[in-house]
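Chains as they are written, first to last, in the numbering used here: chain Y, 1 to 368; chain A, 369 to 736.
A couple of the hints might just be wrong.
What the hints assert, rightly or not - With beta-carbon atoms standing in for the labels, derived distance ranges:
#, chain 1, residue 1, chain 2, residue 2, range
1, Y, D157, A, V717, 32 to 42 Å
2, A, A697, Y, R344, 51 to 61 Å
3, A, R700, Y, A168, 26 to 36 Å
4, Y, T333, A, H524, 20 to 30 Å
5, Y, D157, A, V415, 29 to 39 Å
6, Y, R85, A, P421, 42 to 52 Å
7, Y, V263, A, H524, 23 to 33 Å
8, A, S534, Y, M93, 25 to 35 Å
What the hints assert, rightly or not - To be clear about the criterion: a stretch of chain Y counts as covered by chain A if any three or more of its residues have a C-beta under 8 Å from a C-beta of chain A, and this derived list gives those stretches:
#, stretch
9, 153-159
10, 172-179
Don't read these hints as lab results, they were simulated from the structure. Each residue gets a CB set at the ideal place from its N, CA and C atoms; glycine is no exception.
Read off the chains here:
Number of protein chains: 2
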Amino acid sequence: MRLIDEQALADITFGSTILGSGGGGDPYVGMLLVRDAIRRRGAIQMVDVDEVPDDANVVFIAGIGAPGVIIEKLPRAVEYERVLRDLERFTGMRFDYVCPSEAGGFNAVTPFATASAVGVPVIDADGMGRAFPSLELVTPTLYGASATPMVMIDEHDNTMFLESESNAWAEDYARAAVVASGANGVMAVYPMTGAQAKEWLVRGTVTAAEELGRAVREARAAHTSPVEAVLSAHGGVLLFTGKIDAVKRENTRGWTIGEAELVGLDGDEGSRFTLMFQNENLAAMRDGHFVATTPDLIMMLDLDSGEPIPTERIRYGYRVAIIGLPADARWRTERGLRVAGPRRFGYEVDYRPVENARSSLKWAPSQT
Amino acid sequence: MRLIDEQALADITFGSTILGSGGGGDPYVGMLLVRDAIRRRGAIQMVDVDEVPDDANVVFIAGIGAPGVIIEKLPRAVEYERVLRDLERFTGMRFDYVCPSEAGGFNAVTPFATASAVGVPVIDADGMGRAFPSLELVTPTLYGASATPMVMIDEHDNTMFLESESNAWAEDYARAAVVASGANGVMAVYPMTGAQAKEWLVRGTVTAAEELGRAVREARAAHTSPVEAVLSAHGGVLLFTGKIDAVKRENTRGWTIGEAELVGLDGDEGSRFTLMFQNENLAAMRDGHFVATTPDLIMMLDLDSGEPIPTERIRYGYRVAIIGLPADARWRTERGLRVAGPRRFGYEVDYRPVENARSSLKWAPSQT
Numbered sequence: 001m002r003l004i005d006e007q008a009l010a011d012i013t014f015g016s017t018i019l020g021s022g023g024g025g026d027p028y029v030g031m032l033l034v035r036d037a038i039r040r041r042g043a044i045q046m047v048d049v050d051e052v053p054d055d056a057n058v059v060f061i062a063g064i065g066a067p068g069v070i071i072e073k074l075p076r077a078v079e080y081e082r083v084l085r086d087l088e089r090f091t092g093m094r095f096d097y098v099c100p101s102e103a104g105g106f107n108a109v110t111p112f113a114t115a116s117a118v119g120v121p122v123i124d125a126d127g128m129g130r131a132f133p134s135l136e137l138v139t140p141t142l143y144g145a146s147a148t149p150m151v152m153i154d155e156h157d158n159t160m161f162l163e164s165e166s167n168a169w170a171e172d173y174a175r176a177a178v179v180a181s182g183a184n185g186v187m188a189v190y191p192m193t194g195a196q197a198k199e200w201l202v203r204g205t206v207t208a209a210e211e212l213g214r215a216v217r218e219a220r221a222a223h224t225s226p227v228e229a230v231l232s233a234h235g236g237v238l239l240f241t242g243k244i245d246a247v248k249r250e251n252t253r254g255w256t257i258g259e260a261e262l263v264g265l266d267g268d269e270g271s272r273f274t275l276m277f278q279n280e281n282l283a284a285m286r287d288g289h290f291v292a293t294t295p296d297l298i299m300m301l302d303l304d305s306g307e308p309i310p311t312e313r314i315r316y317g318y319r320v321a322i323i324g325l326p327a328d329a330r331w332r333t334e335r336g337l338r339v340a341g342p343r344r345f346g347y348e349v350d351y352r353p354v355e356n357a358r359s360s361l362k363w364a365p366s367q368t
Numbered sequence: 369m370r371l372i373d374e375q376a377l378a379d380i381t382f383g384s385t386i387l388g389s390g391g392g393g394d395p396y397v398g399m400l401l402v403r404d405a406i407r408r409r410g411a412i413q414m415v416d417v418d419e420v421p422d423d424a425n426v427v428f429i430a431g432i433g434a435p436g437v438i439i440e441k442l443p444r445a446v447e448y449e450r451v452l453r454d455l456e457r458f459t460g461m462r463f464d465y466v467c468p469s470e471a472g473g474f475n476a477v478t479p480f481a482t483a484s485a486v487g488v489p490v491i492d493a494d495g496m497g498r499a500f501p502s503l504e505l506v507t508p509t510l511y512g513a514s515a516t517p518m519v520m521i522d523e524h525d526n527t528m529f530l531e532s533e534s535n536a537w538a539e540d541y542a543r544a545a546v547v548a549s550g551a552n553g554v555m556a557v558y559p560m561t562g563a564q565a566k567e568w569l570v571r572g573t574v575t576a577a578e579e580l581g582r583a584v585r586e587a588r589a590a591h592t593s594p595v596e597a598v599l600s601a602h603g604g605v606l607l608f609t610g611k612i613d614a615v616k617r618e619n620t621r622g623w624t625i626g627e628a629e630l631v632g633l634d635g636d637e638g639s640r641f642t643l644m645f646q647n648e649n650l651a652a653m654r655d656g657h658f659v660a661t662t663p664d665l666i667m668m669l670d671l672d673s674g675e676p677i678p679t680e681r682i683r684y685g686y687r688v689a690i691i692g693l694p695a696d697a698r699w700r701t702e703r704g705l706r707v708a709g710p711r712r713f714g715y716e717v718d719y720r721p722v723e724n725a726r727s728s729l730k731w732a733p734s735q736t
C-alpha cells in the first residue's frame, strides 16, 4: 500500500495522457476533481493487486460521455461517491476496492475520486493497459466476465441499473443513456472478486503512468529529451520522427475519425508516415507498409515538450515523435485480437507485434 | 370482480383499436399473447378500481417499441411475467394489481398477459383514457407522480432498472433503450398505491373499450351501421363523413407524421376536412377551421365496416366517418392542456372541447 498525493496524481495524469494513445479523453478535469479530494481528505490509498484478498469485492469506476462534454462540464464529486453506494444498494454487496477500467486518459484518474469519497483503496491495475473507446474492450471480457450488474448515473441524477446479456449490450445501453441524457455519466461496472482481479487485470498500470509522467517532468527540468525519457521509462519503439503534413478528421456521433500524414525529419528524412485514428491511434504505415496496429499502443508526442497530442488536436506543422508500445500479452492472443485487433476496427491487415518492426527501424536507447 | 374470457378479450382488443385514435400500436399480437394465456390458465380477473385496497401496490405494464417491430415479432409471454418479478426484486415491494397505461392500442391488452402469468387482477382503468405516444403523457404525471422506479426488459433479456428525476427523463431512457436494443421492450412503470390509483387513473376504460368492440360486433351481425353503434355506445360527436382525397405521411424515427385530406359525403357534401396526425390523430379542421384537437379523441372509422383506420394505413379512396370523443376531464384542465394540449404537439391553436363544435355539426343519436 502507498499513498497517492498531489505530485503523484499530477504524474499519473500526465502519464495517462501518454497511455491514452491519442484518445481516452482529457484527464485534466478528472485530475481537478481528485486534487480537490486530496486537499480536503488527504492522500489516497493505492494497493498492488496482490494485496487484495481473494474474496474482496472490486469494481471499475469510469466516466462515460462525449469528450467535448467532459471538457466543458466539470464532473461532480457527489456522483463518484453515489455510484458505488448505488451499486451496493442494488446488489446487496459491499465493495472494498475500486479500479480504473483503462490506464489511458480521463478514466485513469476518476476512480480516485470514488476512493477518496467512500474511503476504499484504488488498485494499481486496469482493464486495458491503454485506452479503448468501448466498455466491452477490457481484459475481463476475454475471460468471459460480465460488465453487469452495473450502475450508471447521469448528471441529472437519473440512475440506471443494468443486467445485460452481453458486454456489447452493456456498452450499447450505456452509450444510449449518454445520448439520451445529453450529458456525462459515471459508472460502476464489471464487479469482480479479488481473485478474479488478480487473474483478469493488467497489473501496475497506474504506476506505469506515474513513471511516464515523472520521466517527462524530470527530463523537462534537466533540459534533456522528453521523448527519450518516455522511451527509457517504458521501453517503447520509436516508430517515426516527422512533421505533420496533412490531417483528415471527422467528428461523427462523438467519434474522432481520420488520419494524419507525416514527412520524415532527423533520421527519417525521405520517408512518409500515416497515422490512422478512431478516437485512439489505431494503425500506422511507413512508406505504404503497416508498422503498428491496435492492440499495441501508438503514441504521438511533441518532439520538444514530450506533450502527447490527442487525435482531436493534431495540427499541420507539428513536429512529433511516434512511439509504439507492446500491448498486454492477453490482447495479443487469438481471442484478444478478435476483440481488439486491427480487423475489429476495419483495418484489413494481420496483426504483427510492434517490436517486430525492429529490423527496419531504429530502437529506443533502452532497447539496444 | 369479473372474469375476462376470450370473447371479452376480442371485444376489448377491437375497442382499444378505436380508442387508439389512429395510433397506440396494433393490439392484435398482444391479443394473441393474452388469448394463449386464457386458453392455458383460464379467464383473467378484472376489478373496478374501487375494489382495490388503499394500501395495495399497483403498477402499469406496457410494451414499448416501434409499431413496425411489434407487428413483425410476437412478444414473449415470459417477459410479461418477469418484468413484474424484477420490479419486485429491485424495490422489495410486492405488486397486487396491474393496470394498462393506455386504453388505446397495443397496451390496452398487454397487462392481461402479466396478470395471467403472475396471478394478479387487472384494474379496469388506465392512465390516458386514450393512446399517447409518450410514457410521460399519463394522468399520474398531472398529480406529480413519478414513472420510476421502473423496470424495462428487452427481448434479448437485458434488464434496465431506472430511477429518474422526471417522467420526461424516464421516457427518454426507455426510448433510448428501445433504439439501443433495436427491439421491443416491456415495462413495469408508475408504481402507485391503491389510494393513488383511485385518484389518478381514468376509470372504467377497459370496459369502455369492450363496449365499443361489442357494439361494432353486434351491429355487424345485425347489418346495422357500425359507426352509429360506436356513437351510441360511447356518446361521441360525428365530425365528418367523407372520402380520403389525399394523404401526406412521413415515417421518421418510429413516428408516423402527416395529414389526410377528405372531401365530404352524405350530409357533408361540399365541405373539406383535414386530419392531422403524429402517430395518433391529434387535430382536425373543417373548411379551414379547427373543430377538434388533442387531448380529445379523434377517430377515423371505415364507413361500412366500422373498422378503425390506423394513421399508417390511411389510403386514398377510403370512405370514412370521423368521430370526436371528449377526453378525460383532467386532460382538459390548464395543467392537462400544458402536458397534452394542441400546442404541446406544435398546433398553434387554443383547445376547445370537441362537443362545443355542436352548433355547426350534427350529433350522434345518443346526444340529441
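Check each numbered hint from earlier against the structure, then list the numbers of those it violates in ascending order.
Per hint list: 3, 6, 7 violated.
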